[in-house]
Each structure stands twice: as C-alpha cells, then as structure tokens.
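Asker: All chains should be modelled from the sequences, with the hints used to inform the complete structure.
Heads up: the protein sequence lines correspond to chains W and F, in order.
Its first residue numbered 915, the first sequence is counted upward by one per residue in the working numbering.
Its first residue numbered 915, the second sequence is counted upward by one per residue in the working numbering.
Don't read these hints as lab results, they were simulated from the structure.
Hints are not guaranteed to be accurate.
Just so you know, same-sequence chains aren't split out, so a pair can sit in one copy or run between any two.
No farther apart than 30 Å at their CA atoms in a straight line, the calculated lysine-lysine pairs in the DSS-like style are these [as the list claims (entries may be wrong)]: (1) Lys1249 / Lys1023; (2) Lys1291 / Lys1223; (3) Lys1009 / Lys1302; (4) Lys1292 / Lys1223; (5) Lys1348 / Lys944; (6) Lys1313 / Lys1159; (7) Lys1303 / Lys944; (8) Lys944 / Lys1339; (9) Lys944 / Lys1349; (10) Lys1009 / Lys1029; (11) Lys1292 / Lys1009; (12) Lys1247 / Lys1175; (13) Lys1302 / Lys944; (14) Lys925 / Lys1223; (15) Lys1302 / Lys1247; (16) Lys1108 / Lys1089; (17) Lys1313 / Lys1303; (18) Lys1302 / Lys1291; (19) Lys1249 / Lys1009; (20) Lys1095 / Lys978; (21) Lys1009 / Lys1291; (22) Lys1159 / Lys1291; (23) Lys1023 / Lys1009; (24) Lys1009 / Lys925; (25) Lys1249 / Lys944; (26) Lys1339 / Lys1349; (27) Lys1313 / Lys1292; (28) Lys1159 / Lys1175; (29) Lys1302 / Lys1223.
Number of protein chains: 2
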Amino acid sequence: MDTLIQPRILKGFRDYLPDAEIQRALLVEKLTQVFRSYGFVPIDTPVLEYSEILLRKSDGETEKQVFRFEDNGRRDVAMRFDLTVPFARFVAEHKDELYLPFKRYHIAKVWRGEKPQAGRYREFMQCDFDMVGSDSASADFEILSLMKSALASLDVTDITIRMSHRGMFNVFLEKIGLKNKSEDILRTVDKLAKIGKEEVSALLTDIASDQAKASSILRFIEGASTFEETLTIMEELSSAHEEAKRLRTIRSMMCASGIDKTFVLDPSITRGLDYYTGIVYETFLNELPSIGSVCSGGRYDNLAGLYMKETISGVGSSIGLDRLIAGLEQLGKIKTRGSFLDVEIFCLDEELSVEYQALAETLRSSGIAAEVFPEAKKMNQQYVVAEKKGISFGILMKKEDAEKKVFTLKNLATREVFEGITVEKAASIIFASKKE
Amino acid sequence: MDTLIQPRILKGFRDYLPDAEIQRALLVEKLTQVFRSYGFVPIDTPVLEYSEILLRKSDGETEKQVFRFEDNGRRDVAMRFDLTVPFARFVAEHKDELYLPFKRYHIAKVWRGEKPQAGRYREFMQCDFDMVGSDSASADFEILSLMKSALASLDVTDITIRMSHRGMFNVFLEKIGLKNKSEDILRTVDKLAKIGKEEVSALLTDIASDQAKASSILRFIEGASTFEETLTIMEELSSAHEEAKRLRTIRSMMCASGIDKTFVLDPSITRGLDYYTGIVYETFLNELPSIGSVCSGGRYDNLAGLYMKETISGVGSSIGLDRLIAGLEQLGKIKTRGSFLDVEIFCLDEELSVEYQALAETLRSSGIAAEVFPEAKKMNQQYVVAEKKGISFGILMKKEDAEKKVFTLKNLATREVFEGITVEKAASIIFASKKE
Chain W
915 MDTLIQPRIL
925 KGFRDYLPDA
935 EIQRALLVEK
945 LTQVFRSYGF
955 VPIDTPVLEY
965 SEILLRKSDG
975 ETEKQVFRFE
985 DNGRRDVAMR
995 FDLTVPFARF
1005 VAEHKDELYL
1015 PFKRYHIAKV
1025 WRGEKPQAGR
1035 YREFMQCDFD
1045 MVGSDSASAD
1055 FEILSLMKSA
1065 LASLDVTDIT
1075 IRMSHRGMFN
1085 VFLEKIGLKN
1095 KSEDILRTVD
1105 KLAKIGKEEV
1115 SALLTDIASD
1125 QAKASSILRF
1135 IEGASTFEET
1145 LTIMEELSSA
1155 HEEAKRLRTI
1165 RSMMCASGID
1175 KTFVLDPSIT
1185 RGLDYYTGIV
1195 YETFLNELPS
1205 IGSVCSGGRY
1215 DNLAGLYMKE
1225 TISGVGSSIG
1235 LDRLIAGLEQ
1245 LGKIKTRGSF
1255 LDVEIFCLDE
1265 ELSVEYQALA
1275 ETLRSSGIAA
1285 EVFPEAKKMN
1295 QQYVVAEKKG
1305 ISFGILMKKE
1315 DAEKKVFTLK
1325 NLATREVFEG
1335 ITVEKAASII
1345 FASKKE
Chain F
915 MDTLIQPRIL
925 KGFRDYLPDA
935 EIQRALLVEK
945 LTQVFRSYGF
955 VPIDTPVLEY
965 SEILLRKSDG
975 ETEKQVFRFE
985 DNGRRDVAMR
995 FDLTVPFARF
1005 VAEHKDELYL
1015 PFKRYHIAKV
1025 WRGEKPQAGR
1035 YREFMQCDFD
1045 MVGSDSASAD
1055 FEILSLMKSA
1065 LASLDVTDIT
1075 IRMSHRGMFN
1085 VFLEKIGLKN
1095 KSEDILRTVD
1105 KLAKIGKEEV
1115 SALLTDIASD
1125 QAKASSILRF
1135 IEGASTFEET
1145 LTIMEELSSA
1155 HEEAKRLRTI
1165 RSMMCASGID
1175 KTFVLDPSIT
1185 RGLDYYTGIV
1195 YETFLNELPS
1205 IGSVCSGGRY
1215 DNLAGLYMKE
1225 TISGVGSSIG
1235 LDRLIAGLEQ
1245 LGKIKTRGSF
1255 LDVEIFCLDE
1265 ELSVEYQALA
1275 ETLRSSGIAA
1285 EVFPEAKKMN
1295 QQYVVAEKKG
1305 ISFGILMKKE
1315 DAEKKVFTLK
1325 NLATREVFEG
1335 ITVEKAASII
1345 FASKKE
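Answerer: Laid out in structure tokens, this is it:
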C-alpha cells in the first residue's frame, strides 16, 4: 500500500464547508439580484493572464505578492490579483462589442501572496461593479445608490458612506501651490481618523513648510457639520466650481430619492494613492467602524489607457466580501443554513426504498425539496443528520402505510405529528409552514 | 507617454462577454436550484494546492497538462485540474466535521494546459455532484434521478442516459479468466459505438486469444432490447448476482418514479480506465449524440484512500458545462438576454436627472428593474442601447411631465404608448406584461 498523504491546504488558503459556502452563496445571490435590478450585467475574464498585461501599472508591492510563473509554453503568466486590471484590458479588447455606458459586475476570486494574518487570505473573493463611458452626476449617483441598496439587501442598513471629491482636492492643492507634494499630503490626510487632528496638523506643517497652508489643508479636510456647509468650505478653499456643482447635483439626487441620510461629505476621504480623479467614497458599519471600509471606490479618468488610445472614464466600487462577512458575523447578522431541504424521508425499512424514492420525486415535482435517507441506520442517527441539515419536516412510512399510500409527517421543530396523511395533505402542510 | 500594451488573452482562455456570461449564470442558477431540491450542498476548495496532493494519483498525461509552479515560498503548487481530487482531499481533511452520507455539488473552474482546439479550453468550468458514505441502491438512484432533473431544468428532456455496472463487468472478466487483460479489453469495449461490432470482435479475439471468450464478451456488451433482458444476459454471463440485484432495485425505483424511459442499460458503457467499481453512466442528447456524453460518472469504492485509512464509497456525476452549452447552442435551446432590466428611463433633458433618478429608485423599490440613461445623448443612440439590452419598456419624461409627476411609458416591442401616467399605473402595466 502507498503511504498516505497528509491532507492539507496551502497557508493562507481556505476550504469552504457547506455552512460557510451556503452563507457566501446566499450573500452573492442577493448582491446579484440588486446589481441586475440596476441594469448591471456580469462578465468573466481568465484567472491567468500575461504578466505584462496584469503587472504593467503595478507598484513593487503588488509584484512581490502576485502568483507569477512560466507556463509549459514558456509564457510569463500570472494569476489575477484584482478585478480592475482585467476589466481595463477587457474594455480595451472588446470596446467594439460593448455599448456605452457599459455597466458590469464581477464577483470572483483573486490571489495575492500576502503574509497570512487574521482575516487576510491569499485567495479571496472580490465583488466589483463599475459604470464606464459616462462622466456624469447620474452615473456617480447610481453607483452610490447601488452601494446602499446592495448592502441593504444583506440587511446591512446601519451604515455611513463617507464621500468626497478627489478632483476637488487636487484643484485645491494646485491652488495653494502644493500639487508637487500631493503624495505626501494624501498619505497624511488619510491618517486623520487614526492619529487625530493635532498630529496631522504637525505633519502637514512639516510637508508644506508653511503654517498657513497646513491650516488651510486642515480646514479643507475637517469639513463642517452638514453636507452643504462642508461643500461650501471646500468650494471656497478650492474654487473648484465644476466639481462642487457635480457634488451638489449628486446631493439633490440623494435627497429626491430619500437616501441622503446615509451619506456624509468627508473631505478627509481621498483613497490615498489610487488613481481616482472624481468622487471617492468609503463605507463603514456604524456599529463596527473599526473594521474599516467594507465598500469603496471612486471615479477614474482613464480606465484602459495602458491598452488603448481612447479615453474612457468610469466610476466604480468594490465590496470587500471577506471583511464584510467577518463584520456581519461579529454583529450576529449572518444567516446560514445546513441545507435547502424541506423534508427528510427517513428510512425505516430498506425494502421500502423504492416507495421512498417515488415519494421524494412526487414531493420535488410539487416544489418541495426532499431527500431519502439512503440506508436503514439507527433512527437516532437519521434524526441527527436531519437536524444538522436544518430540515423542518420528517416523513415516516412503514410497510402498512406504503400499501395505503399514506405516511406520518412530523414537524421536527415543534414535534407536531400528522398520522396517516396523503402526499397532497403533507405538501399543503409543508407549504403553509414555509409561508409563515 | 508609455507605449500601449496590446490587450490580449492567453491561448485557450476566454473572456465572457455579458451575453455569454448571463447565459452561463442562468444555467448555473437553474442547476443549483435542482441540486438544492435534492439536498445537495455547495462547498469550495482552493484553486491552488500542493502539487503532491493534486498529482499523486495522476497519470503522466495529466501531469504534463497541469499548471504547476514554485510559489514565492518555494512550495511546489498546482492549479486544480478537476474537482474530484480536491473533493477527496476535502473529505479526508474534514471527515470529522461532515455528516455521512454527505452530498455536495461544486461548480467551479479548472485548468488544463491542453492543446487548444475547437471546443477545448485551458480554463473551463466543471459541475460535479457526489454523494459519499452510502453504498446503496437509493444513493445510486438519487444521482441518476438528479442527472435527469438537472438537465430537465435546462429544458433538456430529450436525452438518453446509458448506464451499466462496472463491478459486474469486472466479475464477468474474472469468471472467464481475463481479469489480467481488463485494461486492453476496457479500451476496446469503449470503442463499440465508434468502430462497430465486427472490428471490436476481431480486436477482442486478439486480446483474449480465444474465439469463444471474445464472443462471450461481445454478447455481454451488446445487451438486448430491454433493460430487463439485457440485465438477464449480464447476470447469466457473469453470475454477479449482488450487482444484478442492485441494478434491479434501481430499475424499480425508476419505474415507480416514472422516469424509466430515459434510462437504457448498455453494458458497453464502462468509463474506460477510470476508478469506478459500481454503476457507471453517460448522457447523450438524442438530437445530437455525436457531441458525446454531457453528463457522466459512476460509483467508486474508495474516494479518499490516498489521504486517509477509512474507506468511503461514493457515487457521483459531472456535467460537462462547455460541451452542454455548445450542444444547446446547436439545438437552438440557448436562452440569453442582454440585461435583467424592465425599464429604461431615457434622458430627454439632463436638467431632469434628479427626477429621473428618483423615479428609478421608486420603480426599483416596487420590484421593477430600472436604469436611467445618464446623459442626454441622441434619442436614437439611447434606443439602440435599450434594444441591445433587451429592455421591454421605456420611460420618457419631459419638464412639464415632471412637474405633474407623470410621464410617457412606451412598450419598446409593441410600440404601444401610455401617455401622462403615474408611476403606480406604469408599475402595474409593467408587472402585467412580466406575467404574460
């Protein structure tokens, strides 16, 4: 006999057992329904692509983390590390087959060889949605509204979406003559929530070498107590009137749609060194802000500029599914189930397996999810399995029942028992209970 | 400016544009519903695993095709090339967390560096479903019934599932003293449909070096005109009474469930060199048998024997999704759609974007999928996009309409026009049309 191989998976990777996978599947199904209701359509791209395509724009950090190798045909290939770069390549490659504005969602795995740590995996799922080909308030608003609706479909309504306008911030820095220092400034501004006003102020003074300019930046990113007041300050300081007008229209849309309370204008949101040029946003769970943003994104100028001459602007967002699931678990908001079954047909007598299977077929054809316990194991064992699967009803059919085409139906939760009933009667009881 | 990178994907890989991806998603959703109604639950495993785990049992052919490399931590890793080996590893690793019998489905991508050719890709989707932990007629039947139901959910009902019993064939070969030649015999028997009876007969005579034995094998694999007659011949020739009894019980289940006409007992089905030990089966589209089996599998003795001492028997099947989709396309059975939208709110006037967005929100909250065309492009252009997306209704709202909170609803297919209606009235018209 061969020696056994120890069954094990790679560090940073995970198996999904049924409970976890059902939970993830239900979540993805709900998100999918919302994406579709907004007119977003799915696409898919290969997991493996030419490294040249995936890594051209990446920084050194990404390059170190990517799973990259030479395939059997000596091609330099890599596993995708996000869904944005493949989308850019996709848009450039298929631009003549797509119609603009083009709205896609993509829920799929990506891989990064990061140091594994709590909540960080080397294989994880991303959920991206973008609209490209329209630089308008309508497009901006649609993404923001979709973010709120997508999370609401998961019963996550106690959220704050903190948004700002990166383009406006850029104009502001230009106006005060600090455009050349924007990298350092962005990095510092990003830390406001973490290190507080005073420290940020000190750092900014260092960077700007000018107390007044540092104060001005601080005044810009601190905002005021309402969306409108904050916007007024931002506009005054930056003179970015076009951008302010865009934000004002978006705000009107929020108010007209009754979703304005979820959104806060927070000019300290800049999305750091990312490639955004318009609105930017991050989403926090009000009961659990510490886990960070669960849905972020923004507007970018030139999605596919690496791969084609035409410029296509877009706006998009990404849900961090793993982080969101972790958050929902902490909040006790995770709903899962052991199976999708309504009925377990217990096996009292293997001689009746033919009748049990025929009964299962009848139940399923009337829309009831049913399975037959395939062997006459001890009843206790059969009940345990039904319980683990979260099944509501059990059917017990003995030989004398089978001859009369009746059986006993048992509500496994309430222990209520219906003896000598027909399949039609059982179906109506089960349906009634499903509607409750 | 950087030089542009030619956007392109690797040979043998594919992008899925919305039409194709929607089609695939709808197919997977339907299959998923059926799996769930039989009590099967989903799992997921990593795309990357230790090569030792994935390749231990593989033949040289698989090893040549697999995407294998050394990761940044110098681990010898490979991308999964099927869903069976990871499932075996999964069962061994998690056996204490699972309850038996355990029924799982797994619909996911796998990778093989095969020579790309028509209909063959290096990245493709598999759809596996297995029940492990019960060696019973009930379990065998459940998989067979599920195969039929799964295909029926895709509107594929004109099928024949050709089945046999590999264990019975093995017993037969042992009885006639040819067990040591079973590899050659299996390879030959497999060719019956392709090269015909005479050639198979000649080859078998060569292998067996015995005319009588060759005739006997031929008689075994040829069968007769009915399930029962064929089974009688198989039993007589093999004396495999246990196996015959199992087949007879399965047949009774088929008859009692009214699905017997789909199944043919065809002893030439052996699934070649695979590891099956019980029933085996292949599924053919009656209108297109030439594309080969679209759903195959069988019972195996020892799923996870490489990874653990316990023996777990199972029965399972795999749908070749790509082949099936290709077949459905040829048969004109593919249903797809450009989007899931019910309504396009056309943009007549960008000044009304706020009203358009509020209207879209109202429609969506009443269960109607709606989007706003984000810019006041030429109407012709807006209509073309709506048509490409397969949208049934358009909404036209002018400034004077908006003030009165009414608009014009247009059925884009029938050109029927409803002027000056409210959102409630529009919703009821759209719902009525969806129900048709």
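Asker: Does each hint hold? Answer for all of them.
Answerer: A quick look at each hint next to the structure:
1. Within a single copy, Lys1249 and Lys1023 get their C-alpha atoms as close as 22 Å, and across copies as close as 27 Å, so both meet the 30 Å cut-off.
2. For the identical chains of this complex, Lys1291 and Lys1223 are inter-copy neighbours only, at 23 Å across copies versus 68 Å inside a copy, given an alpha-carbon limit of 30 Å.
3. Taking the closest pair of Cα atoms, Lys1009 and Lys1302 come within 30 Å of each other only across two copies (15 Å); inside a single copy the shortest separation is 50 Å, beyond that limit.
4. In the homo-oligomer, the alpha carbons of Lys1292 and Lys1223 lie at most 30 Å apart only across protomers (24 Å), although the nearest pairing inside one protomer, at 70 Å, exceeds that limit.
5. Within a single copy, Lys1348 and Lys944 get their C-alpha atoms as close as 19 Å, and across copies as close as 21 Å, so both meet the 30 Å cut-off.
6. In this assembly of identical chains, the alpha carbons of Lys1313 and Lys1159 lie at most 30 Å apart only when taken from different copies (21 Å versus 78 Å within one copy).
7. Proximity of Lys1303 to Lys944 under the C-alpha cut-off of 30 Å is found in both arrangements, the shortest distances being 22 Å within a copy and 22 Å between copies.
8. Taking the shortest alpha-carbon separations for Lys944 and Lys1339, only the inter-copy value of 28 Å comes in at or below 30 Å, while the best intra-copy value is 33 Å.
9. Proximity of Lys944 and Lys1349 under a CA criterion of 30 Å is satisfied in both settings, with 20 Å inside one chain copy and 22 Å between copies.
10. Only between protomers do Lys1009 and Lys1029 lie at most 30 Å apart by alpha-carbon distance; the minimum there is 28 Å, versus 37 Å within a single protomer.
11. Taking CA atoms no more than 30 Å apart as the test, Lys1292 paired with Lys1009 passes between copies only; the shortest distance there is 20 Å, against 62 Å inside one copy.
12. In this assembly of identical chains, the alpha carbons of Lys1247 and Lys1175 lie at most 30 Å apart only when taken from the same copy (22 Å versus 47 Å across copies).
13. Taking the closest pair of Cα atoms, Lys1302 and Lys944 come within 30 Å of each other both inside a single copy (24 Å) and across two copies (25 Å).
14. In this assembly of identical chains, Lys925 and Lys1223 lie within 30 Å of each other by CA distance solely across copies; the values are 24 Å between and 41 Å within a copy.
15. When the C-alpha separation of Lys1302 and Lys1247 is checked against a cutoff of 30 Å, the pair qualifies only within one copy, where the shortest distance is 20 Å, while the shortest distance between copies is 39 Å.
16. Taking CA atoms no more than 30 Å apart as the test, Lys1108 paired with Lys1089 passes inside one copy only; the shortest distance there is 27 Å, against 78 Å between copies.
17. Proximity of Lys1313 and Lys1303 under a CA criterion of 30 Å is satisfied intra-copy only: 26 Å inside one chain copy versus 56 Å between copies.
18. For a Cα distance limit of 30 Å, the shortest separation of Lys1302 from Lys1291 inside one copy, 16 Å, qualifies, whereas the shortest one across copies, 56 Å, does not.
19. For the identical chains of this complex, Lys1249 and Lys1009 are inter-copy neighbours only, at 24 Å across copies versus 40 Å inside a copy, given an alpha-carbon limit of 30 Å.
20. With identical chains, the CA atoms of Lys1095 and Lys978 are at most 30 Å apart within one copy only, with a shortest distance of 27 Å there and 53 Å across copies.
21. For the homomeric pair Lys1009 and Lys1291, the shortest alpha-carbon distance between copies (19 Å) is at most 30 Å, but the shortest distance inside one copy (60 Å) is not.
22. Proximity of Lys1159 and Lys1291 under a CA criterion of 30 Å is satisfied inter-copy only: 21 Å between copies versus 71 Å inside one chain copy.
23. Both within a single protomer and between protomers do Lys1023 and Lys1009 lie at most 30 Å apart by alpha-carbon distance, with minima of 24 Å and 26 Å respectively.
24. Within a single copy, Lys1009 and Lys925 get their C-alpha atoms only as close as 39 Å, which misses the 30 Å cut-off; across copies the closest is 20 Å, which meets it.
25. For the identical chains of this complex, Lys1249 and Lys944 are neighbours both inside a copy (12 Å) and across copies (22 Å), given an alpha-carbon limit of 30 Å.
26. In this assembly of identical chains, Lys1339 and Lys1349 lie within 30 Å of each other by CA distance both inside one copy and across copies; the values are 16 Å within and 29 Å between.
27. For a Cα distance limit of 30 Å, the shortest separation of Lys1313 from Lys1292 inside one copy, 17 Å, qualifies, whereas the shortest one across copies, 73 Å, does not.
28. Within a single copy, Lys1159 and Lys1175 get their C-alpha atoms as close as 20 Å, which meets the 30 Å cut-off; across copies the closest is 69 Å, which misses it.
29. Within a single copy, Lys1302 and Lys1223 get their C-alpha atoms only as close as 57 Å, which misses the 30 Å cut-off; across copies the closest is 25 Å, which meets it.
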